[in-house]
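> Residue numbers (our numbering), protein chains in the order written: chain A, 991 to 1621; chain B, 532 to 776.
Treat the hints as calculated values from the structure; they're not laboratory data.
No experiment lies behind these values; they were computed from the predicted model shown.
One should not assume that every hint holds.
As the list claims (entries may be wrong) - Chain B is faced by these chain A residues, among others (derived, beta-carbon under 8 Å): (1) Q1053; (2) V1230; (3) I1261.
We treat Cβ as the ideally placed atom computed from N, Cα and C, and that holds for glycine.
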Amino acid sequence: MKVISKGDFTSFVNGMIQDGSSKVVGVKEKGNAFAFGDLGTADELRLDYDVTLLPPKKYFFPQRETLLRFDRTNDSAQSVVDVEPMVIIGVHPYDIAALQQMDAVFAESNADPYYMKKREAAVIIGMNAVNTSEWNFAASMGAESVSDGYDIMLTDLGGSYAVEVGSSKGENLLLTHGAALREANGEEQAACSSYSAPVGKSLDFDAAAIPALLRAHYGNEAFWEEHSEKCLKCGSCVLVCPTCYCFDVKDEADLDLKGGERYRTWDGCLIEDFASVASGENFRGTKAARYRHRYNKKGDYLNERFGFTACVGCGRCSSQCLPDIADPVKVFNDLWAVADTKPQAIESTPAEISPGEEYSFVPRNATVVNKTAMGTTEMVLELKLDDGSELGHQPGQFVEVSAFGIGEAPISVSSSPTHRGTFELCVRKIGNVTTKLHALEVGDKVGIRGPFGVGFDTEFFKGKNLLFIAGGLGLAPLRSFFNFVLDNRADYADVKILYGCKVPGEMLFGNEVADWDARDDIDHRMTVDSCTEEDTWEGNVGVITTLIPGVDIDAEDTYCIVVGPPIMYRFVIKSLKEKGVPDDKIIVSLERRMKCGVGKCGHCQMNGIYVCQEGPVFNYADIKDVPEALE
Amino acid sequence: MSKPRVAIFDFAGCEGDELQIVNLEESLLGLLGHVEVVTFREAMKERTDDYDIAIVEGSCTRPEDEEKLKHIRECASIVIAIGSCAAIGGINSLKNHLDPAWYRAEVYGDKADWFDTYKARPISAVIPIEAAVPGCPIDRDEFLHVVKTLLLGRTPDIPNYPICVECKKNENVCAFDRGEVCVGPVTRAGCNSCCVNEGTKCWGCRGLIDDPEKNAHMEVLEAHGLTPDEVIKNFQTYFGWEGDQ
Ligand SMILES: Cc1cc2nc3c(=O)[nH]c(=O)nc-3n(C[C@H](O)[C@H](O)[C@H](O)COP(=O)(O)OP(=O)(O)OC[C@H]3O[C@@H](n4cnc5c(N)ncnc54)[C@H](O)[C@@H]3O)c2cc1C
Ligand code: SF4
Ligand code: SF4
Ligand code: SF4
Ligand code: SF4
Ligand code: SF4
Ligand code: FES
Chain A
991 MKVISKGDFT SFVNGMIQDG SSKVVGVKEK GNAFAFGDLG TADELRLDYD
1041 VTLLPPKKYF FPQRETLLRF DRTNDSAQSV VDVEPMVIIG VHPYDIAALQ
1091 QMDAVFAESN ADPYYMKKRE AAVIIGMNAV NTSEWNFAAS MGAESVSDGY
1141 DIMLTDLGGS YAVEVGSSKG ENLLLTHGAA LREANGEEQA ACSSYSAPVG
1191 KSLDFDAAAI PALLRAHYGN EAFWEEHSEK CLKCGSCVLV CPTCYCFDVK
1241 DEADLDLKGG ERYRTWDGCL IEDFASVASG ENFRGTKAAR YRHRYNKKGD
1291 YLNERFGFTA CVGCGRCSSQ CLPDIADPVK VFNDLWAVAD TKPQAIESTP
1341 AEISPGEEYS FVPRNATVVN KTAMGTTEMV LELKLDDGSE LGHQPGQFVE
1391 VSAFGIGEAP ISVSSSPTHR GTFELCVRKI GNVTTKLHAL EVGDKVGIRG
1441 PFGVGFDTEF FKGKNLLFIA GGLGLAPLRS FFNFVLDNRA DYADVKILYG
1491 CKVPGEMLFG NEVADWDARD DIDHRMTVDS CTEEDTWEGN VGVITTLIPG
1541 VDIDAEDTYC IVVGPPIMYR FVIKSLKEKG VPDDKIIVSL ERRMKCGVGK
1591 CGHCQMNGIY VCQEGPVFNY ADIKDVPEAL E
Chain B
532 MSKPRVAIFD FAGCEGDELQ IVNLEESLLG LLGHVEVVTF REAMKERTDD
582 YDIAIVEGSC TRPEDEEKLK HIRECASIVI AIGSCAAIGG INSLKNHLDP
632 AWYRAEVYGD KADWFDTYKA RPISAVIPIE AAVPGCPIDR DEFLHVVKTL
682 LLGRTPDIPN YPICVECKKN ENVCAFDRGE VCVGPVTRAG CNSCCVNEGT
732 KCWGCRGLID DPEKNAHMEV LEAHGLTPDE VIKNFQTYFG WEGDQ
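Same shape as in the complex, but just chain A:
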């Protein structure tokens, strides 16, 4: 073990600052609190701090971060990954543990270059805490000390610091700046090994029981309602958290309206509109649901995915919540107290995460080759990728469509992959991006990211009987699979389709529906919720479920593929079950608010599931017990 005197440490830090090859940041005073900030001189360092206002996460995942710059005059965009070499001094072990968790989150399945490149360019000088806040419970979460995740770790020995080198990066830094290290003497070694982290408060039970405890009490509505009653929806608890990573994506044009940037900014699940969509639906519409989501996400969902509880016990949320309801210690201890049977502690081991393929927010350009108005508010856009490639989608997948300066929106691909050369989107005009898409003319360009998500498994369904059930705009995603089946008709057994919309005028793809009539290898039925005297309507009148009892299917042996507005599912599934269709033969496609499409922004989650990654197409058997799925 090495030691450096405090005076020599100051010289070492000043040396780095003067050298200027890396930005040097550390913990400084801010008002009556502390914050990480740029160091002008080592004297500003306050390594005796208790906790910083925000965690050092802000250097790798900043509050506002440019993702790309666009040029509207030629529809081009360039990724902006703003990396600066940096030394961060004084990071407490719980914040190091949090960064290790963030590393896993940003690397998993789709690697986030914006975070990872910044992280690679930083050297972390950790500091075993001298003081702590009254809210800190890192010891209960096993994050009061760390054995890795730092490049250098300091322990305060009074007149000097014990120095542990954690990486070659750390070693090089000490060498390059001539840190005056010497070997520790026996007394110093003893002082260092007898160090124990200060504790603010503690859980009443083993933190390894948290996931099971949360599961057992997910449905304890009274508990969540009571605890969240005073919630201000202010988001403070998630915004200050070192392990929260949700974000929103927005466009801001320059003053000349030609250039501009697409940026991301911190968002959080406690903010009221976090899960609401353009149609007005809010998928987590109550304070209790949002509040419960935070604890479950940290304590259960991420545990299942990554093998760690995404709370390191820093106590920031607790100290910043004005009504004092965000303290995990209080909530978990309260839950423990009300639990009739105390769940077992089950130790989990963090999953090995090997970084996925790097993604980019820069879209590919596509040109509008055709546009057809449909229904009352829908437009079908036929698009061709400018690089001449096929979109390469699976039926049921979606793309993120962007108009620079306006934003991005997830839209299902409506055409079948058997249709080559171009692809189609059927867009309902409802908000900013969709209004812009409606205004496009042939020859105009849009940006496309994706295809994303899991669609319909065309191979699996081969040889099976299929019953398609579409409500309203649900026909758009369904059509990609239905047309695929029609184009490969011999591969599939009995095929039927039920299609319902509100009024005859809202019917989509009327020309294709007319073709269905002409085919004798499919059976189709149509319904409208209502129609007037003037409508020439010969089909059924009534909601879509009124068609189900009369349809002649082998209930045990037919896959029912259901896509429609959120409220349709419950009723349709009920009718199908009454007919004897088993759960695992019902396939649905679900909608959620989406921002990134790559499993990072957190918006599309229903309980632990990322709809943009594991969906939007699901087997009903897999999600029927996921409470947020079809609530």
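On the provided structure of chain A, position chain B with the ligands as indicated by the hints.
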């Protein structure tokens, strides 16, 4: 495409917001490349009815204001209300909670009887508008955001979350942790929590978010030593009109 023509009007207000626009200096010059200002009391002399975008400052405090506003609505394809008075009723709606006889005498002196006066209200209570930029004075960046987005044919992002969101991102020490009280938890964000960034607190000039948690916030204020009367005063400074709705 010819440049959109912009007209700026003031109703009851302090005109601080118009000054704010004139003060946009370089940013304004950049923007002026895209718009043509045709009527602007602070900065220009000419007046015309031929404009596309109307920017209205001040709240509607008299019945005859309503006629003027309706006329503006007919002329303009986009109407933007700027400043707290225009956007939320602002300071002017304080009088809604006072005895009319008293404030009429106070404001108009012995000529009080000559004037009709009624409850001060935001522009949107009289005519439909495309966007409201609350704030006293308005935030320049937000104003530019609103004009840019409307020119691009989209609706602006006026947040529906409280000031605390911006305040946390700005890593401020919370006013409550400095022994002060703050109405940030119920106030609509969009000013980048500028007052707290400067070391003070939010007094709510941007008005309430939709569906604010007033009771929970009152409890917080009371827990920090405010009496119920003081709590109500805290709310009324800016929330006069909205609080009544
Ligand atoms: C997997 C999936 C497939 C979809 N397929 C289609 C389709 O084929 N045709 C179609 O017309 N619509 C589809 N939608 C809905 C469509 O994404 C929204 O209507 C659209 O995002 C609204 O964007 P906007 O900018 O016009 O509205 P605004 O209200 O201005 O929305 C602002 C932003 O919020 C987010 N958002 C709002 N509503 C939704 C939503 N419902 N889902 C996800 N994010 C949302 C988007 O990022 C959007 O850009 C689909 C949604 C999902 C999740
Ligand atoms: S900090 Fe407290 S009041 Fe604010 S959102 Fe979180 S739980 Fe609700
Ligand atoms: S949940 Fe609270 S205590 Fe846990 S890491 Fe986040 S801010 Fe810290
Ligand atoms: S969903 Fe999870 S990561 Fe996102 S804000 Fe909520 S608690 Fe934090
Ligand atoms: S200072 Fe005001 S706005 Fe900022 S966090 Fe505290 S209460 Fe919210
Ligand atoms: S911080 Fe509060 S008082 Fe200050 S400008 Fe913003 S809304 Fe107005
Ligand atoms: S996580 Fe961002 S859309 Fe799914």
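> Each hint needs a verdict: does it hold in this structure or not?
Verification of the supplied hints:
For Q1053 (chain A), the suggested interface contact is upheld, since its CB lies about 4 Å from the closest CB of chain B, less than 8 Å. For the restraint placing V1230 (chain A) at the interface with chain B, the shortest Cβ-Cβ distance is roughly 6 Å, inside the 8 Å limit, so the hint holds. Given the 8 Å rule on beta carbons, the hint for I1261 (chain A) holds: about 5 Å separates it from the nearest Cβ of chain B.
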